[in-house]
Structure formats: C-alpha cells, structure tokens
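Peer 1: So the chains spell out like this:
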Amino acid sequence: MKAMTRLAAAAATMLLLAGCATPALRGSGDLGVVIERAAGSVQVVSNSSNTMLARIGGLGDLSHASLVYSRDARYVYVFGRDGGISKVDILAGKLVARVLQAGNSIGGAISSDGRIVAAQNYSPGGVKLFDADTLALLADIPALDDNGQPSKVVGLADLPSNRFAFSLFEAGEIWVLDAATPRAPQVTKYRNVGRNPYDGLASSDGRYYIAGLYGDDGLALLDNWQPQAGVRRILPGYGQGRDKQPVYKMPHLRGWSIAGDYAFLPAIGLHEVLVADNRSWQEAARVPVYGQPVFVMAEPSGRRVWVNFAFPHNDTVQVIDVPTMQVIRTLKPGRAILHMEFTARGDAVWLSSRDDDKLVVIDTATFQTRRELPAANPSGIFFSWRAGRMGM
Amino acid sequence: MKLPACCRTLTAKCLLLGCCAALFISEAVYADNGIVAPAPQRVAELRHLLREDCGACHGLTLNGGLGSPLTAAALAGKPGDSLVATLLDGRPGSAMPPWRPFMSEAEAQWLIRQLQQGVTP
Numbered sequence: 001m002k003a004m005t006r007l008a009a010a011a012a013t014m015l016l017l018a019g020c021a022t023p024a025l026r027g028s029g030d031l032g033v034v035i036e037r038a039a040g041s042v043q044v045v046s047n048s049s050n051t052m053l054a055r056i057g058g059l060g061d062l063s064h065a066s067l068v069y070s071r072d073a074r075y076v077y078v079f080g081r082d083g084g085i086s087k088v089d090i091l092a093g094k095l096v097a098r099v100l101q102a103g104n105s106i107g108g109a110i111s112s113d114g115r116i117v118a119a120q121n122y123s124p125g126g127v128k129l130f131d132a133d134t135l136a137l138l139a140d141i142p143a144l145d146d147n148g149q150p151s152k153v154v155g156l157a158d159l160p161s162n163r164f165a166f167s168l169f170e171a172g173e174i175w176v177l178d179a180a181t182p183r184a185p186q187v188t189k190y191r192n193v194g195r196n197p198y199d200g201l202a203s204s205d206g207r208y209y210i211a212g213l214y215g216d217d218g219l220a221l222l223d224n225w226q227p228q229a230g231v232r233r234i235l236p237g238y239g240q241g242r243d244k245q246p247v248y249k250m251p252h253l254r255g256w257s258i259a260g261d262y263a264f265l266p267a268i269g270l271h272e273v274l275v276a277d278n279r280s281w282q283e284a285a286r287v288p289v290y291g292q293p294v295f296v297m298a299e300p301s302g303r304r305v306w307v308n309f310a311f312p313h314n315d316t317v318q319v320i321d322v323p324t325m326q327v328i329r330t331l332k333p334g335r336a337i338l339h340m341e342f343t344a345r346g347d348a349v350w351l352s353s354r355d356d357d358k359l360v361v362i363d364t365a366t367f368q369t370r371r372e373l374p375a376a377n378p379s380g381i382f383f384s385w386r387a388g389r390m391g392m
Numbered sequence: 001m002k003l004p005a006c007c008r009t010l011t012a013k014c015l016l017l018g019c020c021a022a023l024f025i026s027e028a029v030y031a032d033n034g035i036v037a038p039a040p041q042r043v044a045e046l047r048h049l050l051r052e053d054c055g056a057c058h059g060l061t062l063n064g065g066l067g068s069p070l071t072a073a074a075l076a077g078k079p080g081d082s083l084v085a086t087l088l089d090g091r092p093g094s095a096m097p098p099w100r101p102f103m104s105e106a107e108a109q110w111l112i113r114q115l116q117q118g119v120t121p
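Residue numbers (the numbering used here), protein chains in the order written: chain A, 1 to 392; chain B, 1 to 121.
Hints are supplied without guarantee of correctness; some may be wrong.
Stated by the list, open to error - Non-contacting residues of chain A with respect to chain B, defined by C-beta distances greater than 12 Å in every case (computed):
{"id": "1", "residue": "Ala-92"}
{"id": "2", "residue": "Val-96"}
{"id": "3", "residue": "Pro-160"}
{"id": "4", "residue": "Asp-199"}
{"id": "5", "residue": "Gln-245"}
{"id": "6", "residue": "Ile-268"}
{"id": "7", "residue": "Gln-292"}
Stated by the list, open to error - Calculated lysine to aspartate or glutamate pairs in the EDC-like style (CA-CA distance at most 20 Å, straight line):
{"id": "8", "chain 1": "B", "residue 1": "Lys-78", "chain 2": "B", "residue 2": "Glu-105"}
{"id": "9", "chain 1": "A", "residue 1": "Lys-332", "chain 2": "A", "residue 2": "Asp-315"}
{"id": "10", "chain 1": "A", "residue 1": "Lys-244", "chain 2": "B", "residue 2": "Glu-105"}
{"id": "11", "chain 1": "A", "residue 1": "Lys-94", "chain 2": "A", "residue 2": "Asp-133"}
{"id": "12", "chain 1": "A", "residue 1": "Lys-332", "chain 2": "A", "residue 2": "Asp-355"}
{"id": "13", "chain 1": "A", "residue 1": "Lys-358", "chain 2": "B", "residue 2": "Asp-53"}
Hints listed in this document are in silico derivations from the structure and should not be mistaken for laboratory results.
Beta carbons: idealized from backbone N, C-alpha and C, even for Gly.
One chain only, chain B, in its complex shape (with noise of 0.2 Å):
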C-alpha cells in the first residue's frame, strides 16, 4: 500500500521523533547512572584519542584492525563494566594497553557509553 505524499513525511517525522525521545531516555538514563559528558574540550580530545590512537589497532572508522571492532553492534551484549575495566586497565594476554593514565574513570565509562551507541569518531 501506498501512502499519499503528506502522509509519508508524517510518518517519517514521527519515526524522527520517536527516535529523539529514545535517545533523550537514554541520556536521562546514564544521568541517573552518574555518566555525564565530560567539558566540550575534553570531548574534542578523547574523540580525538578514540579516533587516532584506539584506531591505530581498532580501525579508524572502528570497524577494527590487529585490535577487534569496537563498533555499538560489535559491542552489543558486553557489560559495559567490564568494557570500562578493559579500556582502563587493558587485558593480559593480548595487545590491549590500559588506558587510565590519559583518562579518568568517568572519563572511560563517557567513552563507552559513546562507543555503545554507536558514535562514529
């Protein structure tokens, strides 16, 4: 079946909204975890980070390399605890380096949850 034109773009604007209001949840919801953006300069240096020295193993585009992918799909069903522990601290046995002496804490659960939906560096 086939929708008039007016209609099509109705639809299309309440998919849209639909999408900004999970999305605006979402962020309501790792306010209440205590997950906040860190200051917009800060911001420009971990994307920077992300995309430069975690693409040098991950890929730049994230879709991974020597390192696995880190894209939201890829990471999908993976405890967003551990993925912190794992940037923080790196995992024996593989060629993952901890990370904590570039970043805070907060700093790394902020870049997971970026990474967990899917944020392109």
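Looking at chain A on its own, in the form it has when it is part of the complex (with noise of 0.2 Å):
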C-alpha cells in the first residue's frame, strides 16, 4: 500500500515536471495588458478569469504611455514617455526588446502588414519607423514645417497599405506617410487644417482620418479614398456664441468614436459630446455631459457610448444611450477615471482608477461591478482585439 502511495506520488511529480517544461497552451484573444504609469510596469490580464496572470517592470517612464499589439497577438509594443518602445511578450511575460528612440513620446501604430512599429514624437518633434521583428530603425521622418519649425507629432493612425497619417501641433497639418518602401517613405502633406490639433483617428474601415483642433471650433476631416479633395472642416463653429470652459486634460480620439451611423466626438471647453453622421458629416445631435469629455468610447456593438471626464470630474463616468442620444448612466467606480476598455464583444468594460489603485471590471448589461482588481497607479487598458483592427 505504502509503495503505491510513492508510486503514484512520483508519477504526479512526473506530470508537473512535464508540465514545468511544456506550458499549457492557451491562445492570447482575451488577454491584455495595463499601464501601470508610476511604477514603469504593465500587467497581463485574463478578461476571461479577470484576473492578472503576470506583471512585467522596468519598461521606464509610462506616465503617457500607450501600446499596439503584433498581428499574432502574442507581442505589445508599448510607447514610453520617455521615448522608449518595449516589446512585451504577454505569453511568456516578459519583455523582449527595448530602445530608447527619442527625448519625449506619446505612442505609436502598427502597419497593416504587421512588419513596421511607428512612434510618435514630441521631441525631436517627428515619426520614425522600425522593424517589427528587431525594432531596428528603418526611417526617421523629422515634423518640420516649410520653415523648418519642429512640431510635435500627435494622433498617428494606421491606414490601409502601409500607410500612417499623423498631425502637426504647431504646424497645424496633416501628413500622410506611404510606407511601401519602408526606408523612403513617402509624406503627403496637408497645410493648414486648423490650429492645434491634439489628437487624431482613423475609422476602422481605414477611410477617415480626423484630426481633432484645440485651436478651433471643429475638426479636419482627411477621406482616404478621395484624397485628392483635401481636408475639409466638420462640425465647424460647435462652439460659437458659447462660454468655453477650460480644459484640463486633452481629449483621446481612436476609431472606437465611430458606431453605426455616427461618430461621437469630445467637444473641445464644452461640457458635450458631439455627434456626427459618419458618411455626410453633418452633425447629428449634442450630448450634454458632466464635464469635459476625455474618451468618447462607442460600445463594440455601437449601441451605446462610454464618456470619462476630465479633472476635476475624473471620478464620474456616464453612458450615452444612442437611439435616443441622452445619458442613460452616470456611474461613480472610482477616483481619477483615466481610461476605458472594453471585451471583444462588449459583454464588460474595465476602467482604471488611476487614485484607488484599481481596475474596475464593470458588466454592460447590468452596470454592475463583477470585480475589481488590484494595479499600482493604473492608466491605459488595451485588450488583444486591437491587433486585428485598424487605427488601433
């Protein structure tokens, strides 16, 4: 009897050597990876078990950090502050690559090909072009003006063919950069679409790209399939005749804005978000919100829209029915609301609490909480659907 004991105990221990040597397989489609912006860290995450399966240091400054997955889903590349791109591996969890590839940095786009990581800079204001597999440098495209005024790059977004668009803050352009020839790439510049534009998307059909202006009322629209008509302005003059109010933290435009007919869209020093029809771009209706709308983020089956605020209402987050455009939620999950995600098919969306120190795994259905987890100083949240869909 005794010897049976061992026998099957030494047969056990077999099995988990086994298993130490050959992980599990498990596939990456319901994973994904949280900035922690203080410690420099990211955190694998299961949307499946909402639970972190990994944390991942010494990715440096992510105080505005954001990230692009691989096209297998199995790699991140996250964008560092302070102009670092790390290449995570999210299965193994561990990180893979690192460079440091400029003074100051806010994020960056994948190709559509999957073969070229761009980074978005803001000093030396401009974009360079690495390879995917090594991260080494294949181009470095300087955002200088006819002048040969710098500007800091912001709102880069992957479009079909190899090709990025991206604005010019202090230019105050737009540039389209034709990456087919990844070390000549080639820029299509449009000059003057509007002062200060902050951030800009692209559609997930890759056909628009918006830019969103901080120094006027309204936002530049580029149509890629009629790109020889130009940027022309839309919802222009949103803000005539009203009180501005002050903004105090900028707005975040991805291609989440866009659901069914409408794209909503942050108003920039007003208290609402604006919406307008994705093919006329006549505005469609205003939505009076708590504060200064920071992400405007459409539900994945576009049936309703997610709105967080900027400081001093980051602790409210409210919920925009669409057949009827009125905010059907306003919901107090946390301190500091900085970012919002949700599954593959919308079924919860996670918010990060940057001032609780928590991810909030909320069900959209119900509006409840299903849990809420531990992270240090949370902001971006980016589940591993992103890698097959453009402008994210």
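Join these two chains into a complex; the hints should help.
Peer 2: Below, the structure is given as structure tokens:
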C-alpha cells in the first residue's frame, strides 16, 4: 500500500515536471495589457478569468504610455513618455526588446502588414519607423514645417497599404506617410487644416482620418478614398457664441468613436459630446454631459457610448444611449478614471482608477461591478482584439 | 591631485553643509516675501495635483509633453510673478487653463517656488 502511494506521488511529480517543461498552450484572444504608470510596469490580464496573469517591469517612464499589438496578438509594443519602445511577449510575460528612440514620445502605430512599428514623438518632433521584429530603425521623418520649425506629432494612426496618418500640433498640418518602401517612405502634406490638432483617429475601415482641433471649433477630416479632395472642416463653429470652459486634460481620439451611423466626438471647452453623421459628416446631435469629455467610446455593438472626463470631473463615467442620444447612466466607479476598454464583444468594460489603485470590471448589460483588481496607478487598458483592427 | 580619504569626506561634508546653508538662506528669503508652505495635508494635495494633473500635459516628471517643461532649468530666468499669473489665470492662446478655482494665490506662489527649486513631484 505504502509503495503504491509512493508510486502515485512519483507519477504526480513527473506530470508536474512535464507541465513545467512545456507550459499549457493558450490563446491570447482574451488577454489584455494594463499600464501601471508610476511603476513603469505593465500587467497582463485575462478578461475571461478577470485576473492578472503577469507583471512586467523595467519599461521606463510610462507616465503617458500607449501600446499596439503585433498582428499575432502575442507581442505588444509599449510606447513610453521617455521615448522608449518596449516589446513585450504577453504569453511568456517578459520584455524581449527595448530601444530608446526619442526624448519625449506619446504613442505609436503598427502597419497594415504588421512589419513596421511607427512611433510619434514630441521631441524631437517627428515619426520614426522600426522593424517590428528587431526594433531596428528603418526611417526618421522629422516634423518640420516649410519654415523649418519643428512640431510635436499627435494622432498617429495606421491606414491600409502600410500608410500612416498623423498631425502636427504647432504647424496645423496633417501628413500621410506611405511606407510601402519602409526605408524611403513618401510624405503627402495637407497644410492649414486648423489650429493645434491635439489628437487624431482613423475609422476602422481606414477610410477617414479625423484630427481634433484645440485652437479651432471643429475637426479636420481627410477622406482617404478621395485624398485629392484634401482636408475639410467638419462640425465647424460648434462652440460659437458659447462660453468655453477650461480644458484640464486633452481628449483622446481613436477609432472607437465611430459606431453605426454616427461618430461621437468630444467637444473642446464644452461639456458636450458632438455627434456627426458618419457619411455626410453633418452634425446629428449634441449630448450634454458631466464634464469635459476625454474618452468617448462606443460599445462594440454601437448601442451605447461611454464617456469619461477631465479633472475635476474624473471620478465619473456616463453612458449615452445611442437611439435616444440621452445619458442613461452616471457611474462613480472610483477616483481619477483615466481609461476604459471593452472586451472584444462588449460584455464588460474595464476601467482604470488611478487614485484608487484599482481596475474595475463592469458588466455592460447590468452596470454592476463584476470585480475590482489591484493595480498600481493604472492608466491605459489595451485588449488583444486591437491586434486585428485598423486604427488601433 | 588626489586627496586622502578623510579629506575627501571632509570636502564632501563641507559641500553638503554649504548646500544646506544656501537652502536655509533662500527659505528665509521667501519667508520675507511672504511665501510660506501650506499645511502638510494641503502640501500633499498640491503635490498630487502637480504630479497628476499638471503632469497630464507637462509630463509626470515635468520634462514636458504637449505643455512645456517645468523643470528648474526650463523656468530659470522667468519672473516668478508672471509664472504665478500663468498658473492662476492660464495663458490665452495656449492650452494652459486657469487653476485659480483649485488653489489660493499663496498656494500658487508656493507651488511656483517649488518648481523653481527643482522639486520633483
């Protein structure tokens, strides 16, 4: 009997060892990466089990960080404020490559073929292209206007056919970079698009590129199906005759703003979400909200839109019902809600609460909190469905 | 020329003392200007504001972002009064908003002094 037990124990040990040698296979489709901004680390999380799987540190200054996925959704490229790009293997939970490529950087994009990673930089202002495998530099495109003045680059987004669009904050220009030949990319410049573009987005079909303008009422729109028509102003004069409120945090734009027939866009200096028809680009509605919108994100179904706010209203999240264009919920999930991210099919939304050091997982059907998870000063949350989406 | 270890330590101590003395003198100078540190709880709140909310544009390390750098070197030579005015009332034509709703004038003066001294939030 004793011998039997010993044998069984030995067999169990063997199995365990075998398990260590070849870890169980798993997919990455339900994984996500959360930025822990103060610690310079990221968490790998599962949105099936609502748990943290790994924490990876040593990624530099992540005080303003974003990331993109490799197209196999195994790696993320994390763009840090210090100009670092860190390539992280989310399945193995480790940092595999890192380069310091600028003095001050805010984000990046990945090409449609997945081979080129582009970084957008504040200083020196410009875009740099890197090999997605090795992070070797392929091209450097300084953002200099006709007078040789540098601009900060904002709103970098990928477009079909290995192109990228971005905006120049100081110069007020939109540039489209064709990286079909990655070491010798071609630039098309659209000048005088409006004052101080602060961010930009590409629609998920890659057709439209929109830059939000800080210094003008309205947004700048480029139709990539008719690039020869140039950039035009949409929602012009939306703030005319209104008292502008101070903006304590710049809004962020991405492809999640466009849902169904509408684009949902943050007003600047008004506590409103602007709604435009996404073919005619005429104003369709305005939804009064609680504060200066920062992220205006449609659920994957397009049925509802979630909004968070700038300081001092950043303890609040509101939900807009699309058919009625009304706010139907006001939630107070935690202090300093910096970001929101839906699961791929939108059954849940994850929120980061910077000042409460937690992530909040909310069921989108019931608005009930499913779970709260500890995270150190969390900001961006990025789920792996982004790997297969343009403009993300 | 290489100094013996004991002298090097002594030199370091003198330097340290010198720095402390300089800091002490400058503290006394602002006391004369009427700049006094807020209560500890409020200091913590203002530091949090500086780090997180100023940091949203100027960078968490204050090395700049969409907003300009707020390091001591970047602010050197800029008159304190105009920095305080910018902080309280914003800068028209730029993205800098007015922070007057969230702090008193005395607190703004103290915060600017902190930045000029190179305090990292």
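Peer 1: Please go over all the hints and tell whether each is borne out by the structure.
Peer 2: A quick look at each hint next to the structure:
1. Ala-92 of chain A, annotated as away from the interface, keeps every beta carbon of chain B farther than 12 Å; the closest lies near 29 Å.
2. No Cβ of chain B comes within 12 Å of the Cβ of Val-96 of chain A; the nearest lies about 26 Å off, and the non-interface call holds.
3. At roughly 29 Å, the least C-beta separation between Pro-160 of chain A and chain B is larger than 12 Å, which holds for a residue marked as non-interface.
4. Non-interface status of Asp-199 of chain A relative to chain B is broken: a Cβ of that chain comes within 12 Å, the nearest being about 10 Å off.
5. A beta-carbon of chain B comes within 12 Å of the beta-carbon of Gln-245 of chain A; the shortest separation is about 9 Å.
6. The non-interface label for Ile-268 of chain A is inconsistent with chain B: the shortest C-beta to C-beta separation is roughly 10 Å, within 12 Å.
7. Against chain B, the non-interface label of Gln-292 of chain A is violated: not every CB pair exceeds 12 Å, the least being about 10 Å.
8. Taking the CA atoms of Lys-78 of chain B and Glu-105 of chain B, the gap is near 18 Å; set against the 20 Å cutoff, the hint holds.
9. This hinted pair checks out: Lys-332 of chain A and Asp-315 of chain A have alpha carbons roughly 6 Å apart, not beyond 20 Å.
10. A distance of roughly 23 Å separates the Cα atoms of Lys-244 of chain A and Glu-105 of chain B; the hinted pair therefore is violated under the 20 Å criterion.
11. Using a Cα cut-off of 20 Å, the hinted pair Lys-94 of chain A and Asp-133 of chain A holds, with the two alpha carbons roughly 15 Å apart.
12. Proposed proximity of Lys-332 of chain A and Asp-355 of chain A is supported: the alpha carbons are some 13 Å apart, at most 20 Å.
13. A hinted pair counts as satisfied when its Cα atoms are at most 20 Å apart, and Lys-358 of chain A with Asp-53 of chain B qualifies at roughly 19 Å.
Hint compliance for this structure: hints 4, 5, 6, 7 and 10 are broken, all remaining hints hold.
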